[in-house]
Amino acid sequence: MNTPLRKVGMAMLVMVVLLLANATYIQVVKADDYRTDSRNARVLYDEFARQRGKIVSQANGEVLASVDPSNDKYKYIRTYADGPMYAPVTGYYSINYGAGGLERSEDDVLNGSDPRLFVRRLSDMVTGRDPSGGNVRLTIDPAVQKAAYDLMTQKGYTGAVVALEPKTGRILAMVSTPSYDPNQLASHTSKAQTDAWNANNKDPKKPMLNRAISETYPPGSTMKLVTAAAVLEDGKGPDTPIDPAPNTKLPGTSITLENYAGGACPGTTFKDALAHSCNVPFAQFAGALGADKMKKTAANFGIGQTDLTVPMKVAPSTVGPLDSQGALYQSGIGQRDVRLTPLQDCLLAATVANGGMAMKPQLVQSVLAPDLSTIEDYSPTELTGTAALSSSNAAILKDMMIASEGFTKGGGKRPDIQIASKTGTAEHGTDSKNTAPHAWYTAFAPANDPQIAVAVIVEDGGNRGLAATGGTVAAEIGRAAINAKLGGG
Amino acid sequence: MGQPVARSAEPLAAQFQTNPPREVPTRRNTELVLLGFAAVIVTIALVLVEANQEQELTASILWLGLAYLGVLTAAHLAVRKWAPYADPVLLPCVALLNGIGLVMIHRIDLALAERAVQNGKDYTPAVTAQVLFTVISLVFFVVVLIVVNDHRTLTRYGYTAGLVGIVALALPALLPSSLSEVNGAKVWLKLPFFSIQPGEFAKILLMIFFASFLVSKRDLFMVAGKKLVGVELPRARDLGPILIAAFVCIGILVFEKDLGTSLLFFSVILVMLYVATERVIWVVLGLSFFAVGCIIAYNLFTHVQQRVANWLDPLATYDQAGGGYQLAQGLFGLGTGGVGGTGLGAGRPDMVPEAATDFITAAIGEELGFIGLAAVLMLYLLVAMRGMRSALAVRDTFGKLLGGGLAFTMVMQIFVVVGGVTKLIPETGITAPFLSKGGSSLLANYILVALLLRISDAARKPAARPKPQQQPQAPIAEAHTVLVQRPPADGGAQA
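First to last, the protein sequences are chains W and L. The first sequence begins at 0 in numbering that gives the first Met the number 0 and counts up by one. The second sequence begins at 0 in numbering that gives the first Met the number 0 and counts up by one.
Calculated from the structure, these hints are not laboratory results. Mixed in with the good hints there might be a few duds.
Claimed, not checked - Pairwise CB distance ranges, derived in the manner of DEER restraints:
id: 1; chain 1: W; residue 1: G289; chain 2: L; residue 2: D312; range: 27 to 35 Å
id: 2; chain 1: L; residue 1: L178; chain 2: W; residue 2: T429; range: 32 to 40 Å
id: 3; chain 1: W; residue 1: R115; chain 2: L; residue 2: A374; range: 37 to 45 Å
id: 4; chain 1: W; residue 1: G303; chain 2: L; residue 2: Q52; range: 49 to 57 Å
id: 5; chain 1: L; residue 1: L131; chain 2: W; residue 2: R115; range: 55 to 63 Å
id: 6; chain 1: L; residue 1: S194; chain 2: W; residue 2: T152; range: 32 to 40 Å
id: 7; chain 1: L; residue 1: F246; chain 2: W; residue 2: A40; range: 52 to 60 Å
id: 8; chain 1: W; residue 1: A40; chain 2: L; residue 2: I243; range: 45 to 53 Å
id: 9; chain 1: W; residue 1: V13; chain 2: L; residue 2: D312; range: 21 to 29 Å
id: 10; chain 1: W; residue 1: S372; chain 2: L; residue 2: Q52; range: 31 to 39 Å
Positions of the beta carbon are idealized from the N, C-alpha and C atoms, including for glycine.
Build the full structure now, drawing on both the sequences and the hints.
Below, the structure is given as structure tokens:
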């Protein structure tokens, strides 16, 4: 019996050798494939254990997102100063839910895997220094952000504020209210994360929605800036006479389009029509211009661009199909299928402020190495490359907007700052006459040397209900943002 | 087993022995030193885990290590008393495996506890139960050493063992799921206070049955039956009982969907048949049956198809229900561990489902790397080879068969486990002896080792010097004269 026993012993040896050979194959030959597989969450956990880069603001380098050491397996915890205020800017960084907003779009820089940080990573490896990610410096001006956010939350408004530097496209503020606290999502306590996530998602006001760039709204009368630009480009001057009738029929239908409050237009010229935001003349202008000219001007403002990133993806704005005179009439005053993001709406004012040329909005000023030395600076680029209107026409439109501001109500006006603006009151919903309108305000200042362009939307008229207008609800917030930039607060 | 010396000559030879046979060394002290060594390694492993998991390092670790050494020493003393000639390497190897298993289970406990805290739940560490099972297992280990003072007595209970084994194996299949199913595996017996996996014990009982059956029927098997294509087939009536037994337990296992145990039983029966009959035809026949069985099972059962699909490409079926997620996670862990491992307590073995049971070798491969995994495999090989050596050396055929079977089981189990985890063979889900969490497996394998120790004791024990035959004392009146040796020269003869 010993012979077969010996053979079984040999078989046992062979079995173990097979196991060893196979383990070698898995753990030596194929190890890298398995280690780096995207589904291997160990890599992710390693990333969480790395010191993530900071997100800092432009003006004074105020730190918006940072890391603190934590006494658990992740080593560092993400912290956000003024979390809710900057949440639309910074986004969130969560173990369970991944990253959102800028945390996601600049993830490579922040976690240190960006190729521009390669040399540094190599030296970290050699010197044994704890690897850390690069930093991101934003274009955000904390004063503007704070002024807009504080006023929006103080009034309890749901909506968004965007402020741009017209000459460069740098985003000075991006506010979305109500907001959420990314600190809760960054918590290392799974329960706290889950609770915060669920609470945010159950909230009917959708606090995690970045209304400034991810949501589109009917722009209402602020769209008249586009129509006006097209009219000016079409060769008409500010004194072109208009039809002051209180209402008009949409061509080919029996639907009546009327001015705000159903009154006749107080003026008789194109300039008056914009200042008083008369609907009938603008509808007729749009109808006379035709779809092509409207679309071309809109496109030069950036409307219809689908691949805009700041570097977060921006929802595309649209003027709709404009396939009939009726559609043109309504679209000319920002109704029907026109949908703009607040960022795009801000671009309308910013483009006029910049002499007709739209600048590409950008949120990241520069990418910094872990030691804060600059790796890459972003320079301003033109958004479409084609001016939406000539600089002389832009100057004309600016004057018309200054006149408009003169008739606009709302608080926050300062005698020392000249603002050019346009308000909007956008009807929406299935029963538009009985749904509180969205209140818009888009402006730039100082009118003669524009430093800031701003757009404000307050959803459903804020607290004024059906009586809300852009002037009474939104203008005050826009002016507060402008004052924060120009008047020192 | 022939006696080396004629019995009648013995008393005389003993009287004149000037050069008595040297004492066979028992090597018990070697065993004790090796046990101490195992305890030190386990203690260091525990320290590493605690340090890497940023637990507070206290003197209690030292006490734990000493307690472990104490428990082992108790087992050692039992071996010293009841199996003094047993192989000195077996127990320390097993103790080391058991200790590494405990440390690993504790390490996974820490990870799961942290996760539970994050989810606001409670977590009961599994390691306390495992420590308790270790102590209970060692008690049973000692009991088996004492009760089975000669392994040959087990032949008397061959059929009883076979019957009990089959019943134990079949019980979970017959009982309602509420009493027998845990995580989809219908292999449990849920008792009021604890659950056992009767299959683990059936494994040993059936081996005892097969060994005793084969020993008694061995000659019949050696007799050739019909010749078929130049190959001598055994006679059907000799095959009968063994085929029935084999089919019964394999049928049960297929019914219970426990492929790993099924594979284990089948291969062990095959090996024992081969050893008993010394004929390769059994292996050929068995493997053919196995191949046919595999094809049938593959076409019949979707869970078999799923396992094969997972085996061929676990990453492709990663997201499917019952897909390769677990296997892929295990492979990710093994790959992340690489050659040297992440270090004890510094990896993330808890990301693999069932890390403490079926996938504990993946956890070891991750944290101790290929080196650690290879070391563990070597420990198993050492246990099996020492067992095999005892089987070779022991003098009775039953001991040889049983020892060979037990030793092969050890390697076969680890082959199925590690092969499954490392994608060598389809994953089937059985526990790694001594390492995995689970009382039944631990207890059964300790009993297995107790039997191996018993056989090795019998193998190394010097042939018992037969006691001088006590001549029945004849009544003095009827006694005949006895020739007595001449006394020294100065004394007179005393009749």
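These are the hints, each one checked on the structure:
no., hint, result
1, W:G289 with L:D312: 27 to 35 Å, "59 Å, violated"
2, L:L178 with W:T429: 32 to 40 Å, "60 Å, violated"
3, W:R115 with L:A374: 37 to 45 Å, "43 Å, holds"
4, W:G303 with L:Q52: 49 to 57 Å, "56 Å, holds"
5, L:L131 with W:R115: 55 to 63 Å, "57 Å, holds"
6, L:S194 with W:T152: 32 to 40 Å, "57 Å, violated"
7, L:F246 with W:A40: 52 to 60 Å, "44 Å, violated"
8, W:A40 with L:I243: 45 to 53 Å, "49 Å, holds"
9, W:V13 with L:D312: 21 to 29 Å, "26 Å, holds"
10, W:S372 with L:Q52: 31 to 39 Å, "37 Å, holds"
Hints 1, 2, 6, 7, counting from the list given before, are not met by this structure.
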